[in-house]
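**Student:** So the chains spell out like this:
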Amino acid sequence: MDDLILEVQHLTHQFRLTKNLVIKAVDDLSFQIRRGEIFGLVGESGSGKSTVARCIMNIYQPSSGRIFYNGINVCDPKEFRKHKKILQTSRQLIFQDSASSLNGRMQVADIIGEPMEIHHIKPPRGSLRAEAEFQLHSVGLDKSYLNKYPTELSGGMRQRVAIARALSMEPELLVADEPIASLDVSIQAQIINLFKHLQAEHDFSILFIAHDLSVVKYLCDRVGVMYRGKLVEVAQTKELFSSPKHPYTKTLLSAIPVPDPRRERTRVLQEFDPALFEWDGKLVEISPDHLVWKGGNQ
Amino acid sequence: MAELLEIKNLSVSFDTPQGELQAVRDVSFSLHAGEVLALVGESGCGKSVLCKSIMKLLHGNARITGGSILVDGVDITNYRQRDMERLRGRLFSMVFQDPMATLNPTISIGEQIAEAVRVHHPKMEREAVYQRVMELMKLVGITEPEQRYRQYPYHFSGGMRQRSVMAIALASNPKILLADEPTTSLDVTIQAQILDLLRDIQQKLGTATIFVSHDLGVVARIADRVAVMYAGKIVEIGTAEEIFYDPRHPYTWALMRSLPAFAREGEELYTIPGMPPTMIDLPPGDAFASRNEYALAIDYEEMPPMFQISDTHYAATWLLDERAPKITPPMGGDFHG
Chain Y
101 MDDLILEVQH
111 LTHQFRLTKN
121 LVIKAVDDLS
131 FQIRRGEIFG
141 LVGESGSGKS
151 TVARCIMNIY
161 QPSSGRIFYN
171 GINVCDPKEF
181 RKHKKILQTS
191 RQLIFQDSAS
201 SLNGRMQVAD
211 IIGEPMEIHH
221 IKPPRGSLRA
231 EAEFQLHSVG
241 LDKSYLNKYP
251 TELSGGMRQR
261 VAIARALSME
271 PELLVADEPI
281 ASLDVSIQAQ
291 IINLFKHLQA
301 EHDFSILFIA
311 HDLSVVKYLC
321 DRVGVMYRGK
331 LVEVAQTKEL
341 FSSPKHPYTK
351 TLLSAIPVPD
361 PRRERTRVLQ
371 EFDPALFEWD
381 GKLVEISPDH
391 LVWKGGNQ
Chain H
489 MAELLEIKNL
499 SVSFDTPQGE
509 LQAVRDVSFS
519 LHAGEVLALV
529 GESGCGKSVL
539 CKSIMKLLHG
549 NARITGGSIL
559 VDGVDITNYR
569 QRDMERLRGR
579 LFSMVFQDPM
589 ATLNPTISIG
599 EQIAEAVRVH
609 HPKMEREAVY
619 QRVMELMKLV
629 GITEPEQRYR
639 QYPYHFSGGM
649 RQRSVMAIAL
659 ASNPKILLAD
669 EPTTSLDVTI
679 QAQILDLLRD
689 IQQKLGTATI
699 FVSHDLGVVA
709 RIADRVAVMY
719 AGKIVEIGTA
729 EEIFYDPRHP
739 YTWALMRSLP
749 AFAREGEELY
759 TIPGMPPTMI
769 DLPPGDAFAS
779 RNEYALAIDY
789 EEMPPMFQIS
799 DTHYAATWLL
809 DERAPKITPP
819 MGGDFHG
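Protein sequence lines, in the order shown, are assigned to chains Y and H.
Numbered by the numbering used here, the letters in the first sequence go through residues 101 to 398 in order.
Numbered by the numbering used here, the letters in the second sequence go through residues 489 to 825 in order.
Just chain Y, with the same shape it has in the complex (with noise of 0.2 Å):
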């Protein structure tokens, strides 16, 4: 049938904080990832994008659930180990704060030929350097870049540079996490359109996270809105913002800010009840590839 790239089955992520307090991060989430396709994970901080985002990049270990990459469950640690080589380098996760994700002490063309270095892989051009200038041209930053530190480029290089680092290794399946949260609006714009570019270009698949709708509905094909550790409404981008089901996912779209005055004036937010959402009940296909949280067990 569909040619998935990542299946996520039941993943429960929890949280001890003391002895008796435990926070469900996660709860019980299943979704999947075609290939190709970029899917964008939206929702309210807290509500658990993040830990998705590393449980399904081996950071997190998750307290139950499978996660299955190109058919390989990587929470099964055997597993891992018998595909760790391709498990490493066929997945890259890009982080939201660049200046912390890059190594401040080391220049830009060594951090972009560290992955290669680490897992022994031949650079297909010849040097790492060259190999560092054919990424960074890849990203928009020509070669001059090479010698700098990070903390000499802006955010918006940097964030490139990362996705440099990212690209080095192929991959197959990207996770950003927020990349473009701490951006301006220009520079936003920049790194949104690198990214269809990528993706077009070397058509792998990426899990978008963010918290900025109108970003996820101009680059994702499909989105899929969390509301504290649950799924709630999977659905193809179009569908999701023109017809959605969800009372959260209302909310949601009701508070994205539209450069308009007038309409923005006269905009009503929609408020969601916590106190409404039925934590019991299961995600129900409504239409073809449009699921939706249902509550109660009918």
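Since the hints were derived computationally from the structure, they do not count as laboratory data.
Treat the hints loosely; a few may be bogus.
Unchecked claim - DMTMM-like cross-link-like pairs, simulated, lysine to aspartate or glutamate; straight-line CA separation at most 25 Å:
no., chain 1, residue 1, chain 2, residue 2
1, Y, 338, H, 675
2, H, 626, Y, 371
3, Y, 345, H, 753
4, Y, 338, Y, 385
5, Y, 350, H, 684
6, Y, 350, H, 688
7, Y, 350, H, 703
8, Y, 350, H, 753
9, H, 692, H, 523
10, Y, 296, H, 781
11, H, 626, Y, 385
12, Y, 296, H, 755
13, Y, 338, H, 753
14, Y, 345, H, 675
15, Y, 338, H, 755
16, Y, 338, H, 756
17, Y, 248, H, 688
18, Y, 296, H, 769
19, Y, 350, H, 769
20, Y, 338, H, 703
21, H, 692, Y, 371
22, Y, 296, Y, 107
23, Y, 296, H, 703
24, Y, 296, H, 756
25, Y, 296, H, 753
26, H, 692, Y, 364
27, H, 611, H, 623
28, Y, 248, H, 530
29, Y, 345, Y, 380
30, Y, 124, H, 573
Position chain H against the provided structure of chain Y, taking the given hints into account.
**Tutor:** The following block gives chain H in isolation, referenced to the frame of chain Y:
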């Protein structure tokens, strides 16, 4: 309308080892009682420096190199710190972007608001202070103020922290509130709530507000007037309707076109070519010229003056000169459907 704050040809420079950095260049605007003026621009364009120079919160290497700041007709440009201390809080207050950095993590929220009340009313009775804090907490929408009084900043969510900061800022009924990206670190839903709250308070108390933001969507919700800043200058100023439906400056067009909300399907997002200039040794002429696809030859030589479009709408671009060629703006009313 009464002009509460008037900035005339204000210039602010920083002395750096590389030379003089002109952060604010020849900025003039006025703020009427009870209105919200939004300052919009990319990071580094001088929005925050402008706010801080009004409050005189800048570091030692900064100095006002020209112009004047008038509050209620009184020139405060040369006020010293001691004089300013009497004005801060009473006349103007400031809300910053990161509430966690503004609040003291070791003092309870209620005590921090009470502190702000006591500073301005040293002789107030204990009970009266407490009542005032309750009043303020209710004003900014903190529910169950009696319990919240004893809680600490880390008990609060980001939105609640920003509400507490606003309560502190409003403790002594300032006439002017300077809000420096108060919603940038918040979620969309919380952001909308805080914006509504700001608007609400502003209407209730009649506080004039300067709202700094880089998000044009946010600005559309809250602002009466908008000033667009680029490289330390105000390049366009007008009512929200004028800026959003009839923008005249190429930089305003560029800012709007780079928003995903305006992108048509299948089309690439517009990006502004090049980088913002460093503010040391600025080239002559319009600082935006090298990134401006509509730049005229004169843009590289001479700084455009402010052209008047209507009573409230001004823009600094040579395109408005009568000798300039006529071009169809890429942004305008039709784009809003």
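**Student:** What hint numbers does the structure not satisfy?
**Tutor:** Failing hints, ascending: 11, 17, 18, 19 and 30.
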